[in-house]
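Listed here are the chains, written in short residue letters.
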Amino acid sequence: MIHVRVHLDRGDFALDVDVQTRSRVTGLFGASGAGKSALISLIAGLERPSHGTIVVDGDVLFDSVGAHSRRPVDVPACRRCIGVVFQEHRLFPHLSVKSNLMYGRAKRLRGDSEAGMIIDLLELGPLLGRRATQLSGGEGQRVALGRAVLSRPRLLLLDEPLASLDARLKQQIIPYLQRLRDVTTVPMIYVSHDLGEILQLTDHLLILDRGRMVGHGRFTDLVHDDAALAVVHERGLRNVLAARVLQHIPGDGVSVVQIGKTTDPGRRLIVPRIEAGEGQTVMLSIQPWDVALAAESVHAVSIQNQIPGTVTRATMHERSAIVEVDAGESLIVEVSKRSAAALKIAAGQPIVCLIKANAIRQINRP
Amino acid sequence: MLTSEEWSALCLSLRVALWSVTIMIVPGVGCAWLLARKRFYGRVLLDALIHLPLVLPPVVVGYLLLLSLGRRGWIGGWLHNAMGIDIAFTWMAAALAAAVMGFPLLVRSVRLGIELVDTRIEQAARTLGAGPFRVFVTVTLPLSLPGLLTGLVLAFARSLGEFGATITFAGNIEGVTRTLPTAIYTYSQVPGGDAPAMRLVLISIIVSFAALICSELMARHIRRQIGAPGAEGGGARRVRA
Chain A
0 MIHVRVHLDR GDFALDVDVQ TRSRVTGLFG ASGAGKSALI SLIAGLERPS
50 HGTIVVDGDV LFDSVGAHSR RPVDVPACRR CIGVVFQEHR LFPHLSVKSN
100 LMYGRAKRLR GDSEAGMIID LLELGPLLGR RATQLSGGEG QRVALGRAVL
150 SRPRLLLLDE PLASLDARLK QQIIPYLQRL RDVTTVPMIY VSHDLGEILQ
200 LTDHLLILDR GRMVGHGRFT DLVHDDAALA VVHERGLRNV LAARVLQHIP
250 GDGVSVVQIG KTTDPGRRLI VPRIEAGEGQ TVMLSIQPWD VALAAESVHA
300 VSIQNQIPGT VTRATMHERS AIVEVDAGES LIVEVSKRSA AALKIAAGQP
350 IVCLIKANAI RQINRP
Chain B
0 MLTSEEWSAL CLSLRVALWS VTIMIVPGVG CAWLLARKRF YGRVLLDALI
50 HLPLVLPPVV VGYLLLLSLG RRGWIGGWLH NAMGIDIAFT WMAAALAAAV
100 MGFPLLVRSV RLGIELVDTR IEQAARTLGA GPFRVFVTVT LPLSLPGLLT
150 GLVLAFARSL GEFGATITFA GNIEGVTRTL PTAIYTYSQV PGGDAPAMRL
200 VLISIIVSFA ALICSELMAR HIRRQIGAPG AEGGGARRVR A
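Order-wise, the sequence lines are chains A and B. Everything in the first sequence is counted per numbering that gives the first Met the number 0, starting at 0 for the first residue and increasing by one. Everything in the second sequence is counted per numbering that gives the first Met the number 0, starting at 0 for the first residue and increasing by one.
If you are wondering where the hints come from, they were derived from the structure by calculation, not from laboratory data. One thing to keep in mind: the hints can contain errors.
Unchecked claim - What follows is a list of derived Cβ distance ranges for each label pair:
(1) A/56 - B/212: 53 to 59 Å
(2) B/53 - A/178: 54 to 60 Å
(3) A/8 - B/217: 57 to 63 Å
(4) B/217 - A/71: 44 to 50 Å
(5) B/212 - A/23: 40 to 46 Å
(6) A/58 - B/53: 47 to 53 Å
(7) A/226 - B/130: 39 to 45 Å
(8) B/53 - A/57: 52 to 58 Å
(9) B/130 - A/245: 54 to 60 Å
Said to hold, decoys possible - Chain A residues, not near chain B, derived (Cβ > 12 Å throughout):
(10) 67
(11) 71
(12) 93
(13) 98
(14) 110
(15) 112
(16) 202
(17) 224
(18) 251
(19) 278
(20) 303
(21) 310
Because the structure is a prediction, the values reported are computed rather than measured. Ideal Cβ placement from N, Cα and C applies to all residues, glycine included.
Chain A with its partners taken away, still in its complex shape (with noise of 0.2 Å):
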C-alpha cells in the first residue's frame, strides 16, 4: 500500500496530494504541469516535498514533522528500493545494454533465472551486447524498463515512459508494459498525459490539475464527478476495449471483434478493418460521444453496431449527460441532457448502444 501526503512549494508551483491506494497499477493523469512528474520525483526521493510523509508498504520513507517515528525521517533515494522510468531512457552511456540491466542488482547475470525470464520478457536477449549509445528510442526504453524492473523495486514508478516516442514506437512497448503488469507482482504508477495509454494499462486513476488532485478511483467512476470529467473531457476522453479478433470481411474493408470475454453474439462489433490476425486481441478506442442510445434496436439504418446494455448509471454535468452501460465491458456514452431526458434513462434501464463502424479506431497492434 502506498500513502503519500505531500506539499511541495516551487515557489510558482505548489503541489498538494494526499492520496492512499492498493490498486496493483495506478495510472496517474493530467496535463503537462500539472505536478505528475513532480510527485514522482517526491516518491523516488530525488526531490524533497516542503512538507508531509510517504509511506510504501508500511515503510516510512519521508516524514518532515515525525508523526511516524517522532524524529524527521528522509530516507535517501539510492536506499527506497523504488524503480523509476524516465521519459528519456537515461541509459549509462559508458556501459553495455547487459552492464546497464545489471548496474541495480547484486548477482551476476549468469545462472539469475529472474532476470533471464525478464530479459525474454523484453525481448533484451538481442540487444544485450551492445553498447547504450547503440539504441533506437523504443529499445533504449525497454532496457532502461528492463533495468528499473531488475533492480527488484517494491514499487515501479513510470514516469511518462513512452512520451518521447512517436505513435507507432508507443503502441509497440505497451504490450511489454503489459506482459510486465501480468508476469511481475510488483506494484506500479504509470504517469501518462494520454488517457488512451493509461487505459490500456489499468482503469484506476489518480487526476491531478495544476498541483490538486481532482480525482482518485476507478476510470468508470471518475467521470461522474464534475471535476475529474473536465479534466479528462479536456484531454480525450475515451473508452478504450480489449477485443478479439474473430473474422475478416475483405470486400466490406471492415473486421468483426467480439469484446469483453464471453462468445456472446450481441458483443460483436463491426469495425474498419483491423491490422491482426483472427483470433488476436487488439485494444479499440471509442469516444464517448460517437455512441448513441437508443430505447431498443433500431431499424433500417446505416449504423452497424447495436450492442444490448443495461444502463448502470447516469449523471448530468453542465453540458452534456454521462451515461455508464454495461454492456459486457463497461462503456462510457456521452449524450446531451435533452435526450438523455427524453429517454428517461436511468440506472437498471435496458438500453441499445449504437456505434457507427468508422468511430471505432484500433489504437495498438499486437
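Starting from the structure of chain A, add chain B where the hints point.
This is chain B only, laid out in the frame that chain A set:
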C-alpha cells in the same frame, strides 16, 4: 647523443612531473567534484584559493612553500624534528612545487568534465540503489574521463615546465633538483652552453608534444566509448532501427 647531465635532467623532469600529477589527482578530483556538484558555505573562497597559483608569480608560491615546508618552517620544522624528513631542496620539493602550480589546471578541467555529466543519469543510478560514492565511481568519473585526461596532461605539461617555484623551493642542484627548465636556464648562463641548451629545448618540445597527442588520442577513444559529444560522427547517436 645526450651527456649524462642532460639525461639526468630529462629523467628527473619526468619523475618530478609524474609524481606531481600522482599526488594531486585525488585532491584535485575531490575539489573539482565539490566545486561542480556541491553548494556550500565558502565555496567561492575554495575556488579562489585553488586558482591562486595560476595568478601569483611562481616565485611567490615557491617562497611560501619554502616558508612553510623549509627546515625552519612550521610544517617543515616539525617534519624535520619528529620524523627526520627534509623536503626543501630535494626532488620531492620539485614535485610538490610542480603539483601546487599544476593543481588549478587539473581542477578546472576535471570540474568542467564533471559539469558536463548529465545529473539526470546520476539520478537514475541513485534510483537503482547506488549511494553517492558508487554513483561517483561508476557514473560521474567514467563520464568525465575526457576532462580528467585533459587535466592530467595539462598538469603534467605544466609540471615539466615549472621553473619559478621549483628553483625557489627545490633549488637547482645538479642531479637532484635540476629539471629540464632549470638545466636550460643554467646552460644559457654559461659560455658554450648553447648547444646543450638547444638539445634540451628540443627534448622539452618533443615530450610536451607527445603528451598532448597521446591525451588527444585517448580522449577521442574514450569519447567514442561513452558516446560523448566530440567523438567521430559529431556525437550524434548512431541509431539502429
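### Task
Please name the hints from earlier in the document that this structure breaks, with their numbers sorted from lowest to highest.
The structure breaks hints 3, 5, 12, 13; every other hint is satisfied.
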